[in-house]
Amino acid sequence: MENYQSLDLLFGGLALFIVIAGLIMLFQGMASFGDKEK
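Under numbering that gives the first Met the number 0, the residue at position 18 of the sequence shown is numbered 17, and the numbers go up by one with no gaps.
To be clear, the hints were calculated from the coordinates, so they are not data collected in a lab. Only a predicted model underlies this, so the values are computations on that prediction, with no experimental measurement involved. Be aware that a few hints might be false.
For each label pair, taking beta carbons as the anchor points, the in silico distance ranges come out as [to be verified]: (1) 4 / 24: 39 to 47 Å; (2) 2 / 33: 29 to 37 Å; (3) 34 / 1: 46 to 54 Å; (4) 33 / 3: 42 to 50 Å; (5) 35 / 1: 46 to 54 Å; (6) 30 / 5: 31 to 39 Å; (7) 31 / 11: 26 to 34 Å; (8) 32 / 12: 26 to 34 Å; (9) 26 / 5: 28 to 36 Å; (10) 25 / 3: 31 to 39 Å.
Where is the CB? At the ideal position from N, CA and C, for every residue including glycine.
Modelling step: build the complete structure from the supplied sequences, incorporating the hints.
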């Protein structure tokens, strides 16, 4: 049971990291796109 819990926590953290990294990349892309239009 404890094994599954730690594994769930690991995947949860990994998913959270991917979501945050994706948002950062999205905002950076929007910022650079806005700079190109100016």
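Here's how the hints hold up against the structure:
1. 4 / 24: 39 to 47 Å: 30 Å, violated
2. 2 / 33: 29 to 37 Å: Violated: the Cβ-Cβ distance is about 47 Å, outside 29 to 37 Å.
3. 34 / 1: 46 to 54 Å: 49 Å, holds
4. 33 / 3: 42 to 50 Å: Once the Cβ atoms are compared, 45 Å apart, the range 42 to 50 Å for residue 3 and residue 33 holds.
5. 35 / 1: 46 to 54 Å: 51 Å, holds
6. 30 / 5: 31 to 39 Å: 37 Å, holds
7. 31 / 11: 26 to 34 Å: For residue 31 and residue 11 the Cβ distance comes to about 31 Å; the hint holds.
8. 32 / 12: 26 to 34 Å: Cβ of residue 32 to Cβ of residue 12: about 30 Å, so the range 26 to 34 Å holds.
9. 26 / 5: 28 to 36 Å: Holds, at about 32 Å.
10. 25 / 3: 31 to 39 Å: 32 Å, holds
In the structure shown, a violation is registered for the earlier hints numbered 1, 2, in ascending order.
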